[in-house]
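1 is the number of the first residue of the sequence shown in the numbering used here; add one for each residue after it.
For the record, the hints were derived by calculation from the structure and aren't laboratory data.
Be careful, since some hints might not be right.
Said to hold, decoys possible - Derived CB-CB ranges, DEER-like:
no. : residue 1 : residue 2 : range
1   : Val113    : Val42     : 46 to 56 Å
2   : Val113    : Val40     : 43 to 53 Å
3   : Lys22     : Val50     : 36 to 46 Å
4   : Phe39     : Arg97     : 48 to 58 Å
5   : Val50     : Lys14     : 13 to 23 Å
6   : Val45     : Ala92     : 52 to 62 Å
7   : Leu127    : Val42     : 50 to 60 Å
8   : Val45     : Val93     : 33 to 43 Å
C-beta: ideal position from N, C-alpha, C; glycine also.
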Amino acid sequence: MDRPNISADDLDEKPLDPAAEKVRRRLVRFIAINLGILFVAVMAVLAAVVYKVGLTDDGGPSDGAGVPSPAETPFVEKTIALPTGATVLSQAVSGHRLSLHVRLAGGGEAVFVYDTAEGRMTGRFDLVSE
Numbered sequence: 001m002d003r004p005n006i007s008a009d010d011l012d013e014k015p016l017d018p019a020a021e022k023v024r025r026r027l028v029r030f031i032a033i034n035l036g037i038l039f040v041a042v043m044a045v046l047a048a049v050v051y052k053v054g055l056t057d058d059g060g061p062s063d064g065a066g067v068p069s070p071a072e073t074p075f076v077e078k079t080i081a082l083p084t085g086a087t088v089l090s091q092a093v094s095g096h097r098l099s100l101h102v103r104l105a106g107g108g109e110a111v112f113v114y115d116t117a118e119g120r121m122t123g124r125f126d127l128v129s130e
């Protein structure tokens with residue numbers, strides 16, 4: 001394969017006409033501005049991530065912050081009175097509230113809400129179909 005003959009004059013870049021030079025300058029300025037904005041946005045995201053990570057490492061709120069450990073709470077033994085023949089289907093605890101999903105002797109279901117701090121039943125919700 002033969003190489004085409006390229007003279008030194010062909011390698012020198014010729015100056016652009018004024019309209020093309022104006023477009024090139026505007027394009028370079030546009031790219032510089034957008035890169036600056038992108039850099040600032042990335043730095044803001046990184047700063048937010050570092051801030052959030054720093055909160056949990058320095059004793060800030062974590063997943064189990066509000067739940068006392070067993071050593072901090074005294075052992076409590078109480079009786080919860082349910083209707084005769086009722087069976088507990090499920091339970092849930094939230095703070096000092098215990099909710100019991102119960103199947104009653106007659107076949108119906110109810111949810112009992114019990115306050116463990118006060119040791120009393122605070123609500124009963126019968127589950128019925130409409």
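Contradicted hints - numbers only
When the structure is compared with the hints, numbers 5, 6 turn out to be violated.
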